[in-house]
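Number of protein chains: 2
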Amino acid sequence: MKSEKFNVFWGFPVLSSDAISSVAYAGEEILWVLVPVLGLLSYGSMFYVALSIVFLMILVAFSYRQTIDAYPQGGGSYIVAKDNLGVIPGLIAGASLLIGYVLTVAVSMSAGTAAIVSAIPSLLPYKVPITFAFIFILTVGNLRGIRESAKAFGLPAYLFILVILVMIVVGIFKVKVMKYEPEPLYEIPTMVSDITLVLFLRAFSSGCTALTGIEAVSNGIPNFRSPSQTNAKRVLELMSLAMLVIFGGIAYLATLYHAVPNPDMTVVAQIAYQVFGGNALFYLVQVMTAIILIMASNTAFADLPLLLSIIARDGYAPRQFTKRGKRLGYSNGIIALGIISAILVILFKGDVHSLIPMYAVGVFISFMLSQAGMFMKWIRERSRGWFHKAAVNGLGTVITCVTAAIIGITKFTSGAWAVFVITPVLVYVMFSIKRHYNEVARQLSLSLDERPKEKIDFMKQKRYVIVPIDSVNKSFLKALNYARSISENIVIFHVSVDDAATDALLKKWREYNVGIPMVVKKSPYRSIRSPLLQFIESDEYGAGPKDTVTVVMPQLVINKWWANLLHNQTSLFIRTRLLTKRNIAIVTIPYLIFED
Amino acid sequence: MKSEKFNVFWGFPVLSSDAISSVAYAGEEILWVLVPVLGLLSYGSMFYVALSIVFLMILVAFSYRQTIDAYPQGGGSYIVAKDNLGVIPGLIAGASLLIGYVLTVAVSMSAGTAAIVSAIPSLLPYKVPITFAFIFILTVGNLRGIRESAKAFGLPAYLFILVILVMIVVGIFKVKVMKYEPEPLYEIPTMVSDITLVLFLRAFSSGCTALTGIEAVSNGIPNFRSPSQTNAKRVLELMSLAMLVIFGGIAYLATLYHAVPNPDMTVVAQIAYQVFGGNALFYLVQVMTAIILIMASNTAFADLPLLLSIIARDGYAPRQFTKRGKRLGYSNGIIALGIISAILVILFKGDVHSLIPMYAVGVFISFMLSQAGMFMKWIRERSRGWFHKAAVNGLGTVITCVTAAIIGITKFTSGAWAVFVITPVLVYVMFSIKRHYNEVARQLSLSLDERPKEKIDFMKQKRYVIVPIDSVNKSFLKALNYARSISENIVIFHVSVDDAATDALLKKWREYNVGIPMVVKKSPYRSIRSPLLQFIESDEYGAGPKDTVTVVMPQLVINKWWANLLHNQTSLFIRTRLLTKRNIAIVTIPYLIFED
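For the record, the sequence lines run as chains A and B.
In this text, residue positions in the first sequence follow the numbering used here: the first is 41, and each later residue adds one.
In this text, residue positions in the second sequence follow the numbering used here: the first is 41, and each later residue adds one.
It is worth saying that the hints were derived from the structure and are not from the lab.
Where hints are given, some of them may not hold.
For chains that are exact copies, the list does not tell them apart, and a pair is met inside one copy or across any two.
Said to hold, decoys possible - Below, a list of computed lysine-lysine pairs in the DSS-like style, where the Cα atoms sit at most 30 Å apart:
| hint | residue 1 | residue 2 |
| --- | --- | --- |
| 1 | K562 | K363 |
| 2 | K548 | K586 |
| 3 | K518 | K621 |
| 4 | K561 | K502 |
| 5 | K514 | K216 |
| 6 | K621 | K600 |
| 7 | K219 | K621 |
| 8 | K363 | K518 |
| 9 | K502 | K562 |
| 10 | K389 | K216 |
Isolated chain A, as found in the complex (with noise of 0.2 Å):
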């Protein structure tokens, strides 16, 4: 990545596509709750709703500066709450952040393929196989490294940004100036009840997922040329400048235009529709959003396994997400992103608007978190400027956990639950993990005094090495001769299920003739590690509790995947079973088949 630094201009479309995108469908879910109920007044009351929203944004905005400044090495809300509040607070703003990125995916996927269908309405009812496919070629994308060419997807963000500000310029111009009245494409309901608190708290949850991305600079100072903390704040200031035009332009034309939101046509694809009409700039919005959606996902994609990494460096996620592929990036991360993701789309069948209250309150509690964490730190601290810093960031925890709090109780029973559920199960499991690590290196840890001391002659080891069979042929072969060659003390070892094979199986052993004894044990409930096991530890056996037992099996292994699967299923129940057992060493010998 050295090569790749971002400068603000780089970095800008970058860093910001995921909250930029999220104003694709952020007006349209203000418009999902009020329109229902409101009718042709809910463009009125969504004035009102935008300016929260915008209010809140730049609030955040101003926190996340703050955040830039004190974590040079990039101040992810796991990081800066696990530092300055402590692990559970850690954890849990890392469970929501990990929760958050998987819905990154989903969502901004399913907005992707809402743009496009918006606009080719014939692949309307394959919307799941297109969704589903993006996120294929994304995570293979990701597996094999295109998070590199992230450069690449800088010009289509500006051009989205582009069009999306000549859209809001000629849209506001056609009615203002040139006096058009617009159709709606749509009917709009008739008005069933006036505004109240509720309705439009509902309206504001809805809106919040304006915010989600925004916190997407401060984990990427380190990406930035020197002066990385100067250029990360000048892209903050960019983005906010960005959405703030674009949410708050498309939210106005969204009421000059009276778009109606529906499954079929998104609220930005109706706005353009009548805006351009149908020519080939309305495709182009459809196309660029579609794009941007994909970048925002990308984000989710660098992102996730990079969080993922960091909390299993800490100890409380699996090793395997610290290891890196071939191409350095976090396969594992990658791939478990792109399934979870995956399946949430075909459960939420690829749509959006049921997919986003999970989101929000999610994005909402590690804001929080982060800005707690950032209070607290000043506090603590009390370095220069302290109390200004502290206020900016308190006002920012009290904004935001209001907001997450309206969030988890108006959309409480349409889907944030499932956050208040997943949260603490997915703590609970990090902290398991964490403590099973650390009983595991205790176990482990070998002091100096334990060294092994006097030398082992090796000669005079008794050595007991048992060879089980099931039939006289090569690989059998190949394991006795491996045995022959560490032991003189070898015992073969034959369960019989079925009398004449086990007699057929003595016959042809006395024709070879080698002279190594074969020990058969009957086995009524036909299986086999119980005999081998009850064999090793009785006294008809020489090997006492100290001694190793030394157990030889080959193994077929052929050059054809699926074939491996038709075999070695019962030397593998072996392994298993042998294994839970201290004194036993077992040996694989490999038998090699070639099958063209």
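Dock chain B against chain A, hints included.
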């Protein structure tokens, strides 16, 4: 099973449940075709459709009598077709049977749930979870051996027959004698067209599901007390009679009471409700219907694993299916059946009507091949009375072939196509498996000349041993001690992906001062396996291409199963890769961790 052999009284209910239960939905399936087109006129046409199916039923039953005579060890379609027509027809019959059994479970379980929700409509939204739960219970039950208490299912089957007979008698009496005029529970659609040949054939195909399960007796002959063939024939006759009466009776009641098929209430439930009113008898009919349908699934749980084990013993299916569990059930077959049928239920949302088209076609293909096999047998053997017998089975072949064709054509687009896709795929897979097993057997087979002639002097063996290291801990030490017990020629091998960690490891290793050299290789691409393989093959290491290199690796074994997923990934990958090399032996040394 010895003590569990059936006399006629118990064999009849246990082996007939599949066949008899299918009448619970066969009549309804006919009406699904007729009612939307013919409206009120359907009930007249239904008589002729039912009559044709009754005729088919008698013919098939007669043909199967001859199979019972000829195959006292049980003559499933797979065996009969394979013996008399050759391997490919045998495998086609086997594949169709497998598909049929899976659909028996999916259809019967869905129909059982339909019977229950017809009685308790508030359960309607939970159809899929209820069906899923039934399948789960039956799978677990069969794994634990409930099959052996199959006799306990006998009484409910008699009770089902009894209660349906009472319903038929009372239903006819009420209309014909008491001159009751039934009010249909649902609106009958207005007629849109008159009966056509195509419509008649489609209705006929739908009703053919009534015959599914009729072959069960001929498979189950060894389960009868002697004289087993006579007893089996007696049961077949009783079963055919019961099917005739119940199918005919329900079809007749449906015409009298104008039952209208719909997704909420089954036809049988509608009839029972009109005949008995909403009282206990209505609920009894529903409960008994559900129970006999669950019994029908249970026969599939007994038969499919058995069939799979026979196919596997012939080498056409993975050998795992020949393995019996501790309770003598073929566990893998049971689990496979449970999973696949559950997936089908979810895919088809537990809707009997949409599963049926696939069901009947597979069943009739296996009927046809079984009949054709019997026909060829008589022609070839020319034993006493062969001409008469060949005539019966020849007619059976023609009629079942025509029926299979009718079902295949009329139901092609509504699901039968899947059978025509899946069957060849299954046959191809079975062939590939057989070819594979043959090839492996050829490569493994050992002639007497190849037996080891000279004694290996194990003291003179040069043993090359490598112990990979990641950190100096107790599990590594255990592996190292084992290595020291089999060789003096040990190399400790470390792959460095992080310089600082490697320096710390080397420092610690020097402190331990065991006197065994450590080889360190850098891995720029973070792969652990390649450097190890390269080292083994390099000139730097002493082993030549003919020497066997032993790699000793510790494996953590933790008493909590999930915790094992958090470890051992690296050693697992190394293992997999090393096993593809001819001259390597892998020693696994378990290190046990106890956690509470």
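Verification of the hints:
{"no.": "1", "hint": "K562 x K363", "verdict": "between (46 Å within a copy, 16 Å between copies)"}
{"no.": "2", "hint": "K548 x K586", "verdict": "between (35 Å within a copy, 29 Å between copies)"}
{"no.": "3", "hint": "K518 x K621", "verdict": "both (25 Å within a copy, 14 Å between copies)"}
{"no.": "4", "hint": "K561 x K502", "verdict": "within (24 Å within a copy, 34 Å between copies)"}
{"no.": "5", "hint": "K514 x K216", "verdict": "neither (88 Å within a copy, 79 Å between copies)"}
{"no.": "6", "hint": "K621 x K600", "verdict": "between (33 Å within a copy, 15 Å between copies)"}
{"no.": "7", "hint": "K219 x K621", "verdict": "neither (86 Å within a copy, 79 Å between copies)"}
{"no.": "8", "hint": "K363 x K518", "verdict": "between (36 Å within a copy, 26 Å between copies)"}
{"no.": "9", "hint": "K502 x K562", "verdict": "within (28 Å within a copy, 38 Å between copies)"}
{"no.": "10", "hint": "K389 x K216", "verdict": "neither (39 Å within a copy, 53 Å between copies)"}
Comparing the model with each numbered hint stated earlier shows that hints 5, 7, 10 do not hold.
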